[in-house]
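**Student:** If you read the protein sequences in the order shown, they are chains A and B. In terms of our numbering, the first sequence opens at residue 858 and continues consecutively. In terms of our numbering, the second sequence opens at residue 858 and continues consecutively.
Among the clues, some could well be false.
Since the list can't tell identical chains apart, any single copy or any two copies may satisfy a pair.
[As the list claims (entries may be wrong)] Pairs of lysine to aspartate or glutamate residues, derived as DMTMM-like cross-links and limited to a Cα-Cα distance of at most 20 angstroms, are as follows:
hint, residue 1, residue 2
1, Lys1197, Glu869
2, Lys928, Glu1223
3, Lys1221, Glu1113
4, Lys992, Glu1033
5, Lys1107, Asp903
6, Lys899, Glu1138
7, Lys1221, Asp1117
8, Lys1221, Glu1118
Worth flagging that the hints you see were computed from the coordinates, not collected in a lab.
There are 2 protein chains.
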Amino acid sequence: MKRISKTILADEIVVTIRSVVGSEPVALHEPTFSGNELIYLKECLDSTFVSSVGKYVDRFENEIAEFTGSKHAIAVVNGTAALHIALKLAGVMPGDEVLVPTLTFVATANAVTYCGAIPHFVDSEEMTLGIDVEKLKTYLSINTKQRSGQCINISTGRVIRALVPMHTFGHPSDLESLQLVADKYHLALIEDAAESLGSYYRDRHTGTFGLFGTLSFNGNKTITTGGGGVILTDNEQLARHAKHLTTTAKIPHAWEYNHDEIGYNYRMPNINAALGCAQLEQLPLKLKGKRSLYQAYKVAFASISGVRLVNEPPYCRSNFWLQTILLDSEYANQRDHILKTTNEVGLMTRPVWGLLHQSPAFIKCETMDCTCAENLSRRLINIPSSKQLI
Amino acid sequence: MKRISKTILADEIVVTIRSVVGSEPVALHEPTFSGNELIYLKECLDSTFVSSVGKYVDRFENEIAEFTGSKHAIAVVNGTAALHIALKLAGVMPGDEVLVPTLTFVATANAVTYCGAIPHFVDSEEMTLGIDVEKLKTYLSINTKQRSGQCINISTGRVIRALVPMHTFGHPSDLESLQLVADKYHLALIEDAAESLGSYYRDRHTGTFGLFGTLSFNGNKTITTGGGGVILTDNEQLARHAKHLTTTAKIPHAWEYNHDEIGYNYRMPNINAALGCAQLEQLPLKLKGKRSLYQAYKVAFASISGVRLVNEPPYCRSNFWLQTILLDSEYANQRDHILKTTNEVGLMTRPVWGLLHQSPAFIKCETMDCTCAENLSRRLINIPSSKQLI
Chain A
858 MKRISKTILA DEIVVTIRSV VGSEPVALHE PTFSGNELIY LKECLDSTFV SSVGKYVDRF
918 ENEIAEFTGS KHAIAVVNGT AALHIALKLA GVMPGDEVLV PTLTFVATAN AVTYCGAIPH
978 FVDSEEMTLG IDVEKLKTYL SINTKQRSGQ CINISTGRVI RALVPMHTFG HPSDLESLQL
1038 VADKYHLALI EDAAESLGSY YRDRHTGTFG LFGTLSFNGN KTITTGGGGV ILTDNEQLAR
1098 HAKHLTTTAK IPHAWEYNHD EIGYNYRMPN INAALGCAQL EQLPLKLKGK RSLYQAYKVA
1158 FASISGVRLV NEPPYCRSNF WLQTILLDSE YANQRDHILK TTNEVGLMTR PVWGLLHQSP
1218 AFIKCETMDC TCAENLSRRL INIPSSKQLI
Chain B
858 MKRISKTILA DEIVVTIRSV VGSEPVALHE PTFSGNELIY LKECLDSTFV SSVGKYVDRF
918 ENEIAEFTGS KHAIAVVNGT AALHIALKLA GVMPGDEVLV PTLTFVATAN AVTYCGAIPH
978 FVDSEEMTLG IDVEKLKTYL SINTKQRSGQ CINISTGRVI RALVPMHTFG HPSDLESLQL
1038 VADKYHLALI EDAAESLGSY YRDRHTGTFG LFGTLSFNGN KTITTGGGGV ILTDNEQLAR
1098 HAKHLTTTAK IPHAWEYNHD EIGYNYRMPN INAALGCAQL EQLPLKLKGK RSLYQAYKVA
1158 FASISGVRLV NEPPYCRSNF WLQTILLDSE YANQRDHILK TTNEVGLMTR PVWGLLHQSP
1218 AFIKCETMDC TCAENLSRRL INIPSSKQLI
């Protein structure tokens, strides 16, 4: 096969993206507010309930629970806070280790450290861009032992308490296999579904397989509350505890202020939930738009060599939150030139996050060999993904 | 002096409050949105920047810095987050102790625990409802020793790293004396000014004396952003670090995502800041209204025995965030009856927060004798405080 020069591949990618999104400058992902946003914000102001109590935050929780099929949803200030509380309630304690992919946004590992625990990084694979389950199985069989129903890291002696897959760019990880591993090794399964609202593994919404799942409604997500997140769980007792911990652990009373444990000021404000309720009404349309954009990119990218568009994994329905191209390995060294060229002409693109096992913040943490993630990180590029581009 | 019966005192208080606020049910503190709130929210939606970046969050920071006279202001999701980062950047480390009043909202102590540190509770006094500085001086002289320029708790051997006064209900603590104590004992002074936006010690705004000060814009505060807080500091380097830590410690780059330390998702969303900018325009008027309400209560309460209205401390100008009555000691046992009676007739009142040194969450922490705070907590009652009541 003829090798494509750096300049030609970058230019071809520009032309291909422009054939779908047009020639104007475009952001990576922009929200749209075309429904009842302003009406609900006005209602919220008129009610005076803009803060930690109000009808919109209750409604948002109910509607997210209904949409995802989770029995309970607890609304919080952002996805990081959701993950922090989920890990804490899953029993993650200071000195524990928690398995997280190295290929994820930094929040996944940060939340582990907020519990005083240590991230233990695992590799990803190319089909789902999520945790490589086969590699993880082999790794755990060699590097851990069971003691009193706990999974012990042989080299550190620490308990490995939980497993946190993240559904990269909205593509579901291999949840059934991950659940089997979690069960076998006595690990709490917590899904970081920050990017995957509207993504399904078979017919079940991501974030509803684990003991907890967590969602994000940051400004760059499929729907936004400005800043916001949700904790999903089917366990009623854990849901009650999550609500308690995220509302400063105040003991309910008409006028007294007492708290029975160390809590957090993590409640999603009602004004942010008002925005969320309006956004949620448009979610089916947004998901449809994002799928159409994928299909348009698919046709466009079919005709160029050296790069492929990332598809949803088998048996899954992705939300296609961020559209992604994967360079063939031989063109990995062209990534930076492609990023520079596309950004310079106003097409916002970006590489995947810096790998966490190589980050100065986590360099001393435990890690397995992460060759595949390292390889992927040199080849992945997110391209403009707003549903309104189509 | 003739002792006033339980029923009579409670009824007199109801009549007195009603003589000021009228006979309709009233909340303890309700926000008002009578300015540009909806206009700015609409502008924010139209800009599509509702999340962690946008013109309103920058503007809000600038305007808060200007209003308070602080060189820098960093906007975050709430006052608890502000305090967490301030403590961390003041050098509070796991295993340290931090001096906080037992008479404060639980967030002051919670933030200490988020650093892995241990709250060490100190007593308050009746004039300011803040830390009793004379008692603290005596306590520190007996119970601590200096070692390598650090203050060591003799009984635990731990470093006492910081001192966190809280300006109760908006009344400034004795800041000049606290600064002297902090300097003498090598303690970082961090002001929890969550309740005292618009309160001054002499001519200087609260929150600007310490290495850091922190504000809150929760729904019940003088102005609100739904949920929100600010970190104040005059130190440019610390301000930059605070902004870095509260924005996930991302290294600035047009498209790459790398982080150089463990950070936090604490940035105030632009949509909340839009609300805050509109609220801030009305702050002088709100402060004026709250002072007028205090003056009306002062006249009304002058004529009943057994209770006095809490005034601003000498040399201070309070924002009168929460109006407060203090029962004479002999009527402390009537507090619960007064709370029940007032709330039952629709006048929302509440006692001060449960004292933290007695809370199950902190029962194992260090504490000095807190007799005065215990005495105050049996006698303090907050009464309806919205500025629109006058």
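**Student:** Cα distance capped at 20 angstroms. Does Lys1197 pair with Glu869 within a copy, between copies, both, or neither?
**Tutor:** within (14 angstroms within a copy, 74 angstroms between copies)
**Student:** Can you give me the call for Lys1221 and Glu1118, within, between, both or neither, at a CA distance of at most 20 angstroms?
**Tutor:** Classified as between; 12 angstroms across copies, 32 angstroms inside a copy.
**Student:** Please sort Lys1221 with Asp1117 into within, between, both or neither, judging by C-alpha distance up to 20 angstroms.
**Tutor:** between (35 angstroms within a copy, 13 angstroms between copies)
**Student:** When Cα atoms must be at most 20 angstroms apart, do Lys1107 and Asp903 count as within-copy, between-copy, both, or neither?
**Tutor:** neither (27 angstroms within a copy, 37 angstroms between copies)
**Student:** One pair to classify: Lys1221 and Glu1113, alpha carbons no more than 20 angstroms apart. Within, between, both, or neither?
**Tutor:** Answer is neither; intra-copy 45 angstroms and inter-copy 22 angstroms both fail.
**Student:** Regarding Lys899 and Glu1138, is the shortest C-alpha distance of 20 angstroms or less found within a copy, between copies, in both, or in neither?
**Tutor:** Both. Shortest intra-copy (17 angstroms) and inter-copy (19 angstroms) distances satisfy the 20 angstroms Cα cut-off.
**Student:** If the cutoff is 20 angstroms on CA atoms, where do Lys992 and Glu1033 land: within, between, both or neither? Let me know, please.
**Tutor:** within (15 angstroms within a copy, 62 angstroms between copies)
**Student:** Could you figure out if Lys928 and Glu1223 sit no more than 20 angstroms apart (CA to CA) within one copy, between two copies, both or neither?
**Tutor:** neither (35 angstroms within a copy, 41 angstroms between copies)
Hint violations for this structure: numbers 2, 3 and 5, all remaining hints satisfied.
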